[in-house]
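Using the sequences provided together with the hints, build the complete structure.
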Amino acid sequence: MEWRDEALVLAVRPYGDTSVIATLLTQEHGLHAGLVRGGQGRRMQPILQPGMRVAATWRSMQAERLGTFALEALSGYHVAALFGDSVRLAALQSACVLVATALPEREIQPGMFEATLALMEALSGDAWAESYVMWESGLIGLLGYAFEGQGEMPVPGFLCGKGGGGTKEVLDGLRLTGYFLEHHVFAVMHKPVPAARQRFVEAYDAAFGQEG
Amino acid sequence: MHGAEIETLIRLLSRLPGMGPRSARRAVLHLLRHRDSLMSPLSKALEVAADRLKTCPECGNYDTVSPCSICAESGRDRSIICVVEGVGDIWAIERSRSFRGLYHVLGGVLSALDGVAPEDLAVVPLVARASENGVREVILALDATVDGQTTSHFLAGKLKDCKVVVSRLAHGVPVGGDLDFLDDGTLMAALRARSALPGA
Chain A
1 MEWRDEALVL AVRPYGDTSV IATLLTQEHG LHAGLVRGGQ GRRMQPILQP
51 GMRVAATWRS MQAERLGTFA LEALSGYHVA ALFGDSVRLA ALQSACVLVA
101 TALPEREIQP GMFEATLALM EALSGDAWAE SYVMWESGLI GLLGYAFEGQ
151 GEMPVPGFLC GKGGGGTKEV LDGLRLTGYF LEHHVFAVMH KPVPAARQRF
201 VEAYDAAFGQ EG
Chain B
1001 MHGAEIETLI RLLSRLPGMG PRSARRAVLH LLRHRDSLMS PLSKALEVAA
1051 DRLKTCPECG NYDTVSPCSI CAESGRDRSI ICVVEGVGDI WAIERSRSFR
1101 GLYHVLGGVL SALDGVAPED LAVVPLVARA SENGVREVIL ALDATVDGQT
1151 TSHFLAGKLK DCKVVVSRLA HGVPVGGDLD FLDDGTLMAA LRARSALPGA
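Listed in order, the protein sequences are those of chains A and B. Quick note, the first sequence lines up with residues 1 to 212 if you use my numbering. Quick note, the second sequence lines up with residues 1001 to 1200 if you use my numbering.
Think of the hints as simulated: they come from the structure by calculation, not from any bench. All C-beta atoms, glycine included, are put in the ideal place defined by N, C-alpha and C. One thing to keep in mind: the hints can contain errors.
Straight-line C-alpha distance at most 20 angstroms; calculated EDC-like pairs for lysine to aspartate or glutamate [to be verified]:
1) 1158(B) to 85(A)
2) 1158(B) to 202(A)
3) 191(A) to 1114(B)
4) 162(A) to 152(A)
5) 1160(B) to 202(A)
6) 1160(B) to 85(A)
Chain B residues, not near chain A, derived (Cβ > 10 angstroms throughout) [to be verified]:
7) 1044
8) 1057
9) 1133
10) 1164
Computed footprint of chain A on chain B; a stretch qualifies when at least three of its residues, placed anywhere within it, have a C-beta under 8 angstroms from a C-beta of chain A [said to hold, decoys possible]:
11) 1114–1127
12) 1148–1161
13) 1186–1192
See the structure below:
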């Protein structure tokens, strides 16, 4: 079996001395893991960073097996552009780990790849935090939950097309999406929300909370 | 085909990085052929090292003396601490002979998916060391990866209240690097970190 697809690298784990098992969010094959031979080598390390956009070729003798990936970097944005910004880097990590842990493997999720790619591109722009909250609300909706205000947590204006945005609305939005992630998305999996997401919220609050 | 002792030796050696069962068998065969000149000295060296191995209570380095040879060396600049992920990184920097300060082994980097949290790393001892009198700089020498740089930012935040300069290694073109073969991220980092030529 073989297919080619565009993908985003989400997570990489060492396998043996030279290889890695990479988890990718692909455009047409959903969340998919595979072995990358030589993935621990100098040539592949820059490509195998969370958030990197790649062209992936997956091969396997049988469809249900792990299979191997051949990866090539695609041009466009580069995650190295975020290395100097702790909060954006935390947002990137949070998004990657949320996708890798919340989505079922090998199930096509229409629009998820495009939305996550758009987020990765937006992370180096101006309204990146609003984009992040919109992306989280989209993820929650994609997983089948009706995203709406909860008690004293209304849906921020920028999430319902009423403009606005800014630090306070972003923090309100993160509280609301955090509620859905904790009480619905991860509750049904009996797992806590990944710590990387909390680290991002804390980093954002510490960096910009005073402005709100 | 051979006795249990040799089989055990092959099995244990095959667990080493870079070794599989085939290369372990070749290594064992080589040891057996050079019993006096290699096998016995190696066995004694392993026994002595295993017996005397210590983790330095100050920096986390491995050595047979405590504190380690680097921490105990009188000629070291004690005002600079270089934070590394593992002992292998100390060995790499020492090979370069470009650093004469002290080290601090973090024991890993934060990892979102593997669940490596701050409490799994030697962060508290680092902050304690950086708060000591006489320490003026902490160099964060962690990998230029998403996890490595996330950890660097986290540590910079923890060291905020210590009266030290927090720096990190430069990212860019490696020595002997051909621009045509560099990846986009390295080129981007190099352009961002460009510097004026002295005298220009």
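Quick rundown of the hints versus the structure:
For the suggested pair residue 1158(B) and residue 85(A), the alpha carbons sit about 16 angstroms apart, so the restraint of at most 20 angstroms is met. A hinted pair counts as satisfied when its Cα atoms are at most 20 angstroms apart, and residue 1158(B) with residue 202(A) qualifies at roughly 14 angstroms. A distance of roughly 14 angstroms separates the Cα atoms of residue 191(A) and residue 1114(B); the hinted pair therefore holds under the 20 angstroms criterion. A distance of roughly 19 angstroms separates the Cα atoms of residue 162(A) and residue 152(A); the hinted pair therefore holds under the 20 angstroms criterion.
As the CA atoms of residue 1160(B) and residue 202(A) are separated by approximately 16 angstroms, the hinted pair is consistent with the 20 angstroms bound. Only pairs whose Cα atoms come within 20 angstroms are accepted, and residue 1160(B) paired with residue 85(A) is accepted, the gap being roughly 16 angstroms. Under the 10 angstroms C-beta cut-off, the non-interface status given to residue 1044(B) relative to chain A holds; the minimum distance is some 27 angstroms. Listed as outside the interface, residue 1057(B) is consistent with that label: its C-beta sits roughly 29 angstroms from the nearest C-beta of chain A, beyond the 10 angstroms cut-off.
The beta carbon of residue 1133(B) is kept farther than 10 angstroms from every beta carbon of chain A, the shortest such distance being approximately 28 angstroms. Annotated as non-interface, residue 1164(B) keeps its C-beta farther than 10 angstroms from every C-beta of chain A; the closest such distance is 18 angstroms. Three residues within the 8 angstroms Cβ limit are the bar, and the region 1114–1127 of chain B against chain A gives 3, so the coverage statement holds. Judged by the Cβ-Cβ criterion of 8 angstroms, the region 1148–1161 of chain B is covered by chain A as claimed, because 6 of its residues qualify and three suffice.
Coverage of a stretch by a chain is defined here by at least three residues with a beta carbon nearer than 8 angstroms to that chain's beta carbons; for the region 1186–1192 of chain B and chain A the count is 4, and the condition holds.
This entry satisfies every hint, going by the numbered hints stated previously.
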